[in-house]
Amino acid sequence: MKKLHVRTPSHECMVDITAQVQSAVSEAGITEGICHLFVLHTTAALAINENADPTVRTDILNALAKVVPWQDDYDHAEGNSAAHIKASLFGQDHSVIVEGGKILLGTWQGIFLAEFDGPRTRQVLLKVVS
Amino acid sequence: MKKLHVRTPSHECMVDITAQVQSAVSEAGITEGICHLFVLHTTAALAINENADPTVRTDILNALAKVVPWQDDYDHAEGNSAAHIKASLFGQDHSVIVEGGKILLGTWQGIFLAEFDGPRTRQVLLKVVS
Amino acid sequence: MKKLHVRTPSHECMVDITAQVQSAVSEAGITEGICHLFVLHTTAALAINENADPTVRTDILNALAKVVPWQDDYDHAEGNSAAHIKASLFGQDHSVIVEGGKILLGTWQGIFLAEFDGPRTRQVLLKVVS
Numbered sequence: 001m002k003k004l005h006v007r008t009p010s011h012e013c014m015v016d017i018t019a020q021v022q023s024a025v026s027e028a029g030i031t032e033g034i035c036h037l038f039v040l041h042t043t044a045a046l047a048i049n050e051n052a053d054p055t056v057r058t059d060i061l062n063a064l065a066k067v068v069p070w071q072d073d074y075d076h077a078e079g080n081s082a083a084h085i086k087a088s089l090f091g092q093d094h095s096v097i098v099e100g101g102k103i104l105l106g107t108w109q110g111i112f113l114a115e116f117d118g119p120r121t122r123q124v125l126l127k128v129v130s
Numbered sequence: 001m002k003k004l005h006v007r008t009p010s011h012e013c014m015v016d017i018t019a020q021v022q023s024a025v026s027e028a029g030i031t032e033g034i035c036h037l038f039v040l041h042t043t044a045a046l047a048i049n050e051n052a053d054p055t056v057r058t059d060i061l062n063a064l065a066k067v068v069p070w071q072d073d074y075d076h077a078e079g080n081s082a083a084h085i086k087a088s089l090f091g092q093d094h095s096v097i098v099e100g101g102k103i104l105l106g107t108w109q110g111i112f113l114a115e116f117d118g119p120r121t122r123q124v125l126l127k128v129v130s
Numbered sequence: 001m002k003k004l005h006v007r008t009p010s011h012e013c014m015v016d017i018t019a020q021v022q023s024a025v026s027e028a029g030i031t032e033g034i035c036h037l038f039v040l041h042t043t044a045a046l047a048i049n050e051n052a053d054p055t056v057r058t059d060i061l062n063a064l065a066k067v068v069p070w071q072d073d074y075d076h077a078e079g080n081s082a083a084h085i086k087a088s089l090f091g092q093d094h095s096v097i098v099e100g101g102k103i104l105l106g107t108w109q110g111i112f113l114a115e116f117d118g119p120r121t122r123q124v125l126l127k128v129v130s
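Residue numbers (the working numbering), protein chains in the order written: chain A, 1 to 130; chain B, 1 to 130; chain C, 1 to 130.
Among the clues, some could well be false.
Since the list gives no way to pick out one identical chain from another, each pair is judged satisfied if it fits inside one copy or across any two copies.
With a cut-off of at most 25 Å between alpha-carbon atoms, the simulated BS3-like pairs for lysine-lysine come out as follows [stated by the list, open to error]: (1) 66 to 2; (2) 66 to 102; (3) 66 to 3; (4) 102 to 2; (5) 102 to 3.
Keep in mind the hints are simulated off the structure, nothing from the lab.
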């Protein structure tokens with residue numbers, strides 16, 4: 001198992017961690033299996049989405065902000081309930097298939113750490129099972 | 001494989017099943033691997049979110065109820081379409097990494113059965129793969 | 001590993017792929033383990049939901065269309081940002097438990113390819129790990 005550290009530069013952002021994930025899979029030395037990813041936080045998540053046009057990511061974050069407004073009738077005193085809700089909508093755990101030592105993604109897919117209450121340094125566990 | 005039974009006490013709630021999951025993993029006797037969880041229902045789901053302040057869970061449920069109102073122009077005669085939609089937003093299947101016989105969660109993370117059309121007794125399949 | 005091809009007949013729809021998944025698991029010859037599914041696209045996803053009354057699927061798609069409108073203040077020039085957002089809400093990767101050569105689903109559950117920007121032919125990777 002490995003732990004990736006991901007620095008998120010702003011309050012809400014999607015950080016491409018595809019290369020970090022591929023490096024960790026290569027280091028693990030397992031050429032065929034499943035790569036499990038797990039975010040150790042409750043106000044961040046993982047998403048697999050377009051890695052080409054960056055406006056896709058800003059559109060995603062803006063749309064989520066409309067669906068789950070930052071300010072609302074929330075009871076949680078910390079004031080970041082919207083981030084908790086978004087985190088569960090996207091999910092903390094995702095897995096990708098590994099073949100020939102490579103994670104298998106579609107042409108336009110990248111793996112992103114979705115930050116909903118940054119900036120912070122986030123931890124993502126990675127384990128490859130053969 | 002094991003089957004967990006979870007009694008949900010109200011129409012919408014999030015029941016902490018972290019201890020039940022850890023017990024089942026310990027009984028399985030696999031110390032390193034992946035613990036797969038799968039809810040056998042279409043109006044309940046799993047979520048990994050904050051286990052400390054209970055207002056996070058009520059904020060999550062209230063926000064979801066605004067996003068997907070219980071009453072709307074639904075066609076499904078059973079009247080619980082909102083529950084079906086929320087179930088797919090959170091997802092039926094999640095997995096956590098196991099090391100040293102322990103499920104690896106962040107400091108503030110718990111595993112919850114999210115009930116969207118209770119009260120009921122729900123079934124969660126659990127299988128640990130090494 | 002196998003690759004399923006799924007023809008989606010309309011712009012937004014949920015295509016039942018349960019039988020295709022079961023066939024591929026049977027062909028893989030692994031009777032006990034985890035079946036991992038992964039959609040190679042950024043405007044389609046997987047969902048596990050009711051396989052009986054088809055109005056559940058139309059209610060799901062209609063509700064999602066209200067939550068994330070097709071037309072909005074999106075920047076992505078391709079005009080399909082709503083599909084990208086829905087894809088991450090449902091998720092590209094799901095996994096089901098296999099026992100006795102069968103995928104284990106609840107009585108009312110089916111596995112669906114959720115198309116958010118069709119019609120297209122979509123690709124779903126499937127890998128069974130024992």
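How the hints compare with the structure:
In this homomeric assembly, residue 66 and residue 2 never come within 25 Å of each other (Cα to Cα): the closest approach is 35 Å inside a single copy and 39 Å across copies. Taking identical chains as interchangeable, the C-alpha atoms of residue 66 and residue 102 are never at most 25 Å apart, the minima being 36 Å within one chain and 38 Å between chains. Taking the closest pair of Cα atoms, residue 66 and residue 3 never come within 25 Å of each other, the shortest separation being 32 Å inside a single copy and 36 Å across copies. For the identical chains of this complex, residue 102 and residue 2 are neighbours both inside a copy (17 Å) and across copies (16 Å), given an alpha-carbon limit of 25 Å.
Taking identical chains as interchangeable, the C-alpha atoms of residue 102 and residue 3 lie at most 25 Å apart whether they share a chain (19 Å) or sit on different chains (16 Å).
Checked against the numbered hints given earlier, this structure breaks hints 1, 2 and 3; the rest are met.
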